[in-house]
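Residue 1 is where the sequence shown starts when you use the working numbering, and the numbers rise one by one after that.
It should be emphasised that the hints constitute simulated quantities derived from the structure, not laboratory data.
One or more of the hints may lead you astray.
Unchecked claim - Computed list of lysine-lysine pairs in DSS-like fashion (alpha-carbon distance at most 30 Å, straight line):
1. K35 <-> K53
2. K20 <-> K53
3. K35 <-> K20
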Amino acid sequence: GPDVRVNTLAPAATATQMLKAGFENNPAGYAELEKVHPMGRIAEPAEIARLAKFLASDDAAFVTGATLYSDGGVLSRLHDPA
(Lines of atoms letter the chains of each structure in order from A; the text may use other names.)
(Lines give C-alpha, C1' and ligand atoms only; values in the text may rest on other atoms or scores of the structure.)
Protein backbone atom coordinates (compact mmCIF):
# COMPACT_ATOMS: atom_id res chain seq x y z
CA GLY A 1 0.00 0.00 0.00
CA PRO A 2 0.89 3.66 -0.03
CA ASP A 3 2.39 3.51 3.47
CA VAL A 4 5.01 0.94 2.51
CA ARG A 5 8.40 2.17 1.37
CA VAL A 6 11.06 -0.14 -0.01
CA ASN A 7 14.61 1.11 -0.44
CA THR A 8 18.04 -0.48 -0.48
CA LEU A 9 21.49 0.46 0.69
CA ALA A 10 24.39 -0.53 -1.54
CA PRO A 11 27.63 0.00 0.35
CA ALA A 12 31.03 -0.95 -0.96
CA ALA A 13 33.65 -2.40 1.38
CA THR A 14 32.89 -1.56 4.99
CA ALA A 15 35.35 -1.89 7.88
CA THR A 16 33.38 -4.51 9.79
CA GLN A 17 35.00 -6.94 12.20
CA MET A 18 34.50 -9.69 9.63
CA LEU A 19 36.28 -7.74 6.88
CA LYS A 20 39.15 -6.81 9.17
CA ALA A 21 39.51 -10.42 10.30
CA GLY A 22 39.66 -11.53 6.68
CA PHE A 23 42.65 -9.28 6.10
CA GLU A 24 44.32 -9.91 9.45
CA ASN A 25 47.23 -11.71 7.81
CA ASN A 26 47.24 -9.54 4.70
CA PRO A 27 47.58 -5.86 5.62
CA ALA A 28 48.89 -5.10 2.12
CA GLY A 29 45.66 -6.50 0.66
CA TYR A 30 43.61 -4.29 2.98
CA ALA A 31 45.63 -1.27 1.87
CA GLU A 32 45.00 -2.22 -1.77
CA LEU A 33 41.27 -2.47 -1.07
CA GLU A 34 41.36 1.05 0.34
CA LYS A 35 43.19 2.32 -2.75
CA VAL A 36 40.50 0.92 -5.08
CA HIS A 37 38.08 3.45 -3.60
CA PRO A 38 38.56 6.96 -5.04
CA MET A 39 38.18 8.38 -1.53
CA GLY A 40 41.24 6.34 -0.48
CA ARG A 41 39.47 4.49 2.30
CA ILE A 42 36.60 2.14 2.97
CA ALA A 43 33.41 2.96 4.84
CA GLU A 44 33.02 2.82 8.58
CA PRO A 45 30.00 0.83 9.82
CA ALA A 46 28.59 3.94 11.52
CA GLU A 47 28.46 5.72 8.15
CA ILE A 48 26.28 2.97 6.69
CA ALA A 49 24.15 2.88 9.84
CA ARG A 50 23.45 6.62 9.53
CA LEU A 51 22.19 6.08 5.98
CA ALA A 52 19.87 3.31 7.19
CA LYS A 53 18.62 5.58 9.96
CA PHE A 54 17.95 8.32 7.41
CA LEU A 55 15.95 5.98 5.15
CA ALA A 56 13.86 4.90 8.15
CA SER A 57 13.23 8.48 9.24
CA ASP A 58 10.52 10.98 8.39
CA ASP A 59 13.18 12.92 6.46
CA ALA A 60 12.97 10.18 3.82
CA ALA A 61 9.16 9.93 3.85
CA PHE A 62 8.95 10.55 0.09
CA VAL A 63 11.82 8.21 -0.82
CA THR A 64 10.76 4.83 -2.17
CA GLY A 65 12.04 2.42 -4.78
CA ALA A 66 15.53 3.87 -4.42
CA THR A 67 18.99 2.42 -4.07
CA LEU A 68 21.32 4.59 -2.03
CA TYR A 69 24.94 3.91 -2.94
CA SER A 70 27.59 4.53 -0.33
CA ASP A 71 30.65 3.31 -2.14
CA GLY A 72 33.29 6.02 -1.87
CA GLY A 73 33.14 6.38 -5.65
CA VAL A 74 34.22 2.79 -6.35
CA LEU A 75 31.25 2.18 -8.66
CA SER A 76 32.69 4.74 -11.07
CA ARG A 77 35.74 2.49 -11.43
CA LEU A 78 33.87 -0.79 -11.84
CA HIS A 79 31.68 -0.08 -14.85
CA ASP A 80 32.26 -1.07 -18.46
CA PRO A 81 32.65 2.21 -20.37
CA ALA A 82 31.79 0.57 -23.71
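Tested hints:
| no. | hint | result |
| --- | --- | --- |
| 1 | K35 <-> K53 | holds, 28 Å |
| 2 | K20 <-> K53 | holds, 24 Å |
| 3 | K35 <-> K20 | holds, 16 Å |
In terms of the numbered hints stated before, the structure departs from none.
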